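Enquirer: So that you can map any letter, position 287 of the sequence shown is 287 in the numbering used here, and since no number is skipped, the others follow by simple counting.
These are calculated hints, taken from the structure and not from any lab test.
Any given hint could turn out to be false.
Stated by the list, open to error - Below, a list of computed lysine-lysine pairs in the DSS-like style, where the Cα atoms sit at most 27 Å apart:
| no. | residue 1 | residue 2 |
| --- | --- | --- |
| 1 | Lys401 | Lys438 |
| 2 | Lys101 | Lys66 |
| 3 | Lys24 | Lys144 |
| 4 | Lys191 | Lys456 |
| 5 | Lys144 | Lys391 |
| 6 | Lys24 | Lys320 |
Unchecked claim - Here are the in silico distance ranges between beta carbons for each label pair:
| no. | residue 1 | residue 2 | range |
| --- | --- | --- | --- |
| 7 | His429 | Glu221 | 54 to 60 Å |
| 8 | Ala452 | Lys354 | 23 to 29 Å |
| 9 | Gln413 | Gly439 | 36 to 42 Å |
| 10 | Tyr423 | Ala452 | 16 to 22 Å |
| 11 | Asp234 | Ile397 | 54 to 60 Å |
| 12 | Glu70 | Ser262 | 45 to 51 Å |
| 13 | Thr141 | Val437 | 22 to 28 Å |
| 14 | His130 | Lys320 | 20 to 26 Å |
| 15 | Gln215 | Gln174 | 54 to 60 Å |
| 16 | Gln42 | Gly439 | 50 to 56 Å |
| 17 | Tyr423 | Ile397 | 16 to 22 Å |
| 18 | Arg460 | Val393 | 45 to 51 Å |
Computed from a predicted model, the values in this text were never measured in an experiment.
Using N, Cα and C, we set each Cβ at its ideal position, and we do this for glycine too.
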Amino acid sequence: MALWGGRFTQGPDQRFKDFNDSLKFDYRMAIEDIEGSQAWAQALAQVGVLTAEECTRLEAALAELKAEAEQNLTAIATAGDEDIHSYVERRLIEKVGDLGKKLHTGRSRNDQVALDLKLWCAKAGARIAHSLTALERELITVAKAHVEDIFPGYTHLQRAQPVTFGHFVMAYAQMFERDYQRLQHALRLIKSSCPLGSAALAGTAYPIDRDSLAQALGFDEGSANSLDAVSDRDHVLELLSCAAISMMHLSRLSEDLIIYNSGEAHFVELSDAVTSGSSLMPQKKNPDALELIRGKCGRVCGALAGMLVTMKALPLAYDKDLQEDKERLFDAMDTWHDCLDMAALVFSGLKLRKEEAFKAAQGGYSNATELADYLVARGVPFREAHGIVGKAVLYAIEKNKALEDLSVDEFEQFHPSIGGDVYEALELHHLIHKRQVKGGTAPDAVRTQIAALEDKLASRA
């Protein structure tokens, strides 16, 4: 059923209809469209457009429609209507007759779709927040188990300083916590204003109490400007931005684990549950789950870029270009959710190969900074100590030795204050435990970090 056509003398070309119709994807907003219609029926009854009996009949029919949609949402996609609004109205008329035609009084598909999408975004965001929290909890579990286990730390993909594996894991937990907080801010903005009652662009002609209507739908208040309300898609951009940033974090995590799982590093081992084999090479165990997460990052970032380009030159108020928001958003939110859940599954079966990680942390002269700090403690200015240690490292490389394998006599040729106590300073556990500063890699500092994040998570449902 079309919601327009009176001024047309013939119907649309089938090719245009196929090009124009959106039910094949906006069926996903059926529940939200019905919820908005229920609230609108009550608002119309309050201003006398509907009688109490008419409102009751409409609400009952809408409740039936909602139950049907909840039972089989995807079936709506092939109903043949132009969009979700025309589908709901047609089905409502089938249930209550001409009374169903009264419900659209004073509203437009412009404010309907703006409302539907905001309601959908709020629900999708809450679902994502749950998955972010679940991933953070999985990371905390792994970090707790490895808070003492030494792991090579890198800058520029070169061994830099040793850390603990717990510290490494918590770095990503902090990223996902920021993703959670960023999402919460976006959700607060989404629920701050309700577009329903803005009509096509100028506001409804009926004396609707828009603030009460907004609050009935879970919003703070009615939108302040009708032109803005029907053409605003900031909430879509904000969710896509949240998704893109979080997917970037997931992609970085995936890249790290892919490298650490490789035969060259072999610091971690992925479970069979998230890997696959080769059709040709029987020895292969491929990190496909992580590679797919990494690949899907581009898909979500592309959705954000595409939506920004769609919005950048749109005049006020509503334009059909805005129909392009939904497919991008729906796909991006589905992808983000699936990748968060997959990352949690990866960590649930992840194993640290402690010996390999420790050996790697010992290599690459990652305790060189500690030798510089050792000299600083003996009165050598750091910049001078830096140069001394650089020469010592060069010497050790030429001799094919680790720093801790040099003799005291060899050390003394670089600075006379280096004595036998240098070996304790160069020992990895010693230098790990020295970094007790807030945010440092010392086990107690990591435990403090874990406890602080656990306190945040404890308040969530």
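Enquirer: If a hint holds in the structure, say so; if it doesn't, say that too.
Expert: Verification of the hints:
1. Lys401 with Lys438: Since the Cα atoms of Lys401 and Lys438 sit roughly 34 Å apart, the hinted pair is violated (cutoff 27 Å).
2. Lys101 with Lys66: holds (18 Å)
3. Lys24 with Lys144: Not OK: Lys24 and Lys144 at ~46 Å, beyond 27 Å, violated.
4. Lys191 with Lys456: Given pair Lys191, Lys456 holds - Cα atoms ~23 Å apart, limit 27 Å.
5. Lys144 with Lys391: violated (38 Å)
6. Lys24 with Lys320: Holds. Lys24 to Lys320 sits at ~16 Å (cutoff 27 Å).
7. His429 with Glu221: 54 to 60 Å: Because 58 Å falls inside the window, the suggested range holds.
8. Ala452 with Lys354: 23 to 29 Å: Given a distance of about 26 Å, which is inside 23 to 29 Å, the answer is holds.
9. Gln413 with Gly439: 36 to 42 Å: The hint (36 to 42 Å, Cβ to Cβ) holds, given that Gln413 and Gly439 are roughly 37 Å apart.
10. Tyr423 with Ala452: 16 to 22 Å: Violated: the Cβ-Cβ distance is about 35 Å, outside 16 to 22 Å.
11. Asp234 with Ile397: 54 to 60 Å: The hint (54 to 60 Å, Cβ to Cβ) holds, given that Asp234 and Ile397 are roughly 56 Å apart.
12. Glu70 with Ser262: 45 to 51 Å: Taking Cβ atoms as reference, Glu70 and Ser262 lie about 46 Å apart, which means the hint holds.
13. Thr141 with Val437: 22 to 28 Å: Holds, at about 25 Å.
14. His130 with Lys320: 20 to 26 Å: Violated - the Cβ-Cβ distance for His130 and Lys320, about 34 Å, lies outside 20 to 26 Å.
15. Gln215 with Gln174: 54 to 60 Å: Taking Cβ atoms as reference, Gln215 and Gln174 lie about 36 Å apart, which means the hint is violated.
16. Gln42 with Gly439: 50 to 56 Å: holds (52 Å)
17. Tyr423 with Ile397: 16 to 22 Å: holds (19 Å)
18. Arg460 with Val393: 45 to 51 Å: holds (47 Å)
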